[in-house]
Amino acid sequence: MTTPRSQRSGPSARLEGRSGESLEGLLRELGASVARGGGVALPSGRFPTGLAAIDDALGGGFPRGRVSEVVGPGCCGRTSLALALLARTTARGELGAVVDRADAFDAGSAAAAGVDLERVLWVRPRGVPEALRSVEHVLQAGGFPLVLLDLSSEAGDPRIPGVAWPRLRKAAAATASALVLLGRRRLAGPFADLALELDAARPRFESGPDWLAGFETRVRLVRSRAGPAGTDVAVRWRAA
Amino acid sequence: MPALPLAAELRAHPELAGRPFAVAAGPGPRAEIVAVSPEAMRAGVRPFGTVVHARAACAALEVRVLSPALEQAARAALLDVALGASPRAEPAPPGAGVFAAEAAVYVDARGVSALFRSEAGFAGALAERARRVGLPACVAVASSRSVARIAARFLAQRAASEARSEPKASGDKDREARSEPTRGFASREASEVIENDADFLAPLPLDLLNPDDALADALSRFGLRRVADLLRLSPRALAARLGPGVLGLLALARGEDCAPPPPVPPDLRLEEASDLEAPLERLEPLGFVLRGLVGRLAERLACRGLAFGDLELALGLEGGGRDARRVGLAAPTLDERVVLRLALLALEAAPPGAAIERVAVASVGRTVGGDQLDFFRPAGPAPAALARTLAELAALVGSGRVGAPALADDHRPDACRMEPFRVPKPREPAPRPAGGTLALRALRPPLPARVRTAGGRPRWLESALANGPVERASGPWRTSGRWWSETERFAFDHFDVATADGWVVRLRLDLVAQRWEIDGVYD
Chain A
959 MTTPRSQRSG PSARLEGRSG ESLEGLLREL GASVARGGGV ALPSGRFPTG
1009 LAAIDDALGG GFPRGRVSEV VGPGCCGRTS LALALLARTT ARGELGAVVD
1059 RADAFDAGSA AAAGVDLERV LWVRPRGVPE ALRSVEHVLQ AGGFPLVLLD
1109 LSSEAGDPRI PGVAWPRLRK AAAATASALV LLGRRRLAGP FADLALELDA
1159 ARPRFESGPD WLAGFETRVR LVRSRAGPAG TDVAVRWRAA
Chain B
705 MPALPLAAEL RAHPELAGRP FAVAAGPGPR AEIVAVSPEA MRAGVRPFGT
755 VVHARAACAA LEVRVLSPAL EQAARAALLD VALGASPRAE PAPPGAGVFA
805 AEAAVYVDAR GVSALFRSEA GFAGALAERA RRVGLPACVA VASSRSVARI
855 AARFLAQRAA SEARSEPKAS GDKDREARSE PTRGFASREA SEVIENDADF
905 LAPLPLDLLN PDDALADALS RFGLRRVADL LRLSPRALAA RLGPGVLGLL
955 ALARGEDCAP PPPVPPDLRL EEASDLEAPL ERLEPLGFVL RGLVGRLAER
1005 LACRGLAFGD LELALGLEGG GRDARRVGLA APTLDERVVL RLALLALEAA
1055 PPGAAIERVA VASVGRTVGG DQLDFFRPAG PAPAALARTL AELAALVGSG
1105 RVGAPALADD HRPDACRMEP FRVPKPREPA PRPAGGTLAL RALRPPLPAR
1155 VRTAGGRPRW LESALANGPV ERASGPWRTS GRWWSETERF AFDHFDVATA
1205 DGWVVRLRLD LVAQRWEIDG VYD
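In order, the protein sequence lines correspond to chains A and B.
Under this note's numbering, the very last position in the first sequence is 1198; numbers go up by exactly one each time.
Under this note's numbering, the very last position in the second sequence is 1227; numbers go up by exactly one each time.
Heads up, a few of these hints could be off.
What the hints assert, rightly or not - The calculated label-pair distances, taken between Cβ atoms and stated as ranges, are: (1) Glu1166(B) to Ala1192(A): 25 to 35 angstroms; (2) Ser1184(B) to Pro1087(A): 54 to 64 angstroms; (3) Glu1123(B) to Asp1157(A): 29 to 39 angstroms; (4) Ala1187(A) to Phe992(B): 52 to 62 angstroms; (5) Leu1049(B) to Ala1192(A): 46 to 56 angstroms; (6) Asp1014(A) to Leu1215(B): 25 to 35 angstroms; (7) Arg1196(A) to Leu1111(B): 16 to 26 angstroms.
Hints were generated in silico from the structure; no laboratory data involved.
Yeah, the Cβ is synthetic: ideal placement off N, Cα and C, and Gly gets one too.
All chains, full assembly: derive it from the sequences and hints.
Here it is as structure tokens:
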């Protein structure tokens, strides 16, 4: 249905003529209800950690819909890296899940790292089979863009049946979730699209009186489907 | 529902359908038979005889002992069916005399045409829903409760006589002719709408109005058999000859019933129970009983559009003991497998102390609500999918091991608790965290350690984790609290320690227990 020109009124009538002037006039008329530029940041294909050196090395962050690994010895900073990732994810309003087979998640530490605890689903399985099935349930539910599976234990890494990895990879891809594994050594093999290895950290103590100020460590990208591996960056962690 | 004992047994044991069975008032061969299935009636078994006589009439007769728990559950299920169709429903007063075994529910049918197209549709839907939960109910819609109840009785009697007169299956031909075994009451024509109460009531026998024995005898002596016979006479004359009790019968015959059913606040706590024939000492057979109970409870919840909330499990034990426990659900669910698994896990974790004679499961129905999501913010999981996932996770890892972490208002180290996980409301994105904060991994439980100190500071550490000389240490930092409680008071001196073998740990001296422990690892 069209309206005869003579009957048009309001903003639509003023769009005729030179479009730039008409648009400016429209914006003036709409006033404060319209803002220039900006916009809601919709989720992209990568999860940044907030650590510029690591995000640059990863091409923006951990990939969605893929399996990634973060491995290293006992005190290397992998938990700190995982919490930084979780903090950035929850800050955006998205949900994260922590499948904590090691039962090592510390809420106080997570809160200090900036994690919004309300947006975290914490699952505490008692063994590896429960942990793997928990991850599958969480991935299949959808709505958890980031799932951390903490398999590391001070007693050593568990044995994971090989058939688990293709299933987890498929589940992560189906829901476009990033599944990040934490361990002392690489477990997912070729099923991980990305793998970071962290060296043993050097603690920094400051004096007057002595206090643990933080860690320094090196992070190496040892596997990446998206590009060349081998990047090596230094990272500093500071105590909360 | 005309024969509650039969219906209750059939609901709990559907394998009895099509077989001759009877319900006895108690155990033993001299117990009185209180209800007989149509198949048993055709074989010559009659109520009010003894079990011995009944078995003599029918060798294949199966006798069940009357179960108040099953009857109560069947009554409650009937009410659930009604409440699933209309918010105004209430149990009818129990029947008396020949209708003592009757169970009935009044449902206010005003306004149902909007949902069910017509009153006939409403009645048919109610009957079908009742059948689906295992209750062969007859439904009548009339302008008053009394007429509706009389009409439902009439339908039930008609159905029962049709069922009794059906020939016994004698071969394959007969089996093919019947699509399902007789359940005691014909499921066809189980509902009716009474358009004109007076026209409906007039030809009915007076027995349907359930007069007491003396009045029934008097009416019979006067030759009054039908409702129309009674209505032709003057009330004053009837009362003079038969006593004032006949006036109540007259009111029923006229269909006079002014009070509408009051709105009954629905009780959202639903219970199913079963008295076991023999005490159970092992948990494996209990699983079968629980499966039946949980299944029936799920049907009733589904009738009312509800899902399982926390499960209450009550076991009656041999010797009079009782075991009551509550099984929490992370989220409402209608998934029976998850609920059953949680119940069995709870029983396996803490088995009852004696053999089990009675099992009851109850749940307060909860709604699986929807969430108003934000069009422009990241969406969380769908509420139904999240509820199912949380319930499955709870069944997998234990109900206290899945949820959202929360800091506890406590100075104790590792003071955190787990709360039920709920998708928080969308909000504006928070300021980006600075990143690079050093994290601590908790050790649960803390790892024992042997420590050599010098000047009050650790110098050498031995444990299952970190060993060797302490290169650097900071601390102590003291935390203490609950000093007023003998059992809960705590006091720790914490140190951050780096050992020569590369570990950086949080070491604590428990000043109450006087022991060293590692309660965290910096990673």
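> Among the hints numbered above, which are violated by the structure, and what are their numbers in rising order?
Replying inline: Hints 2 and 6 contradicted; others consistent.
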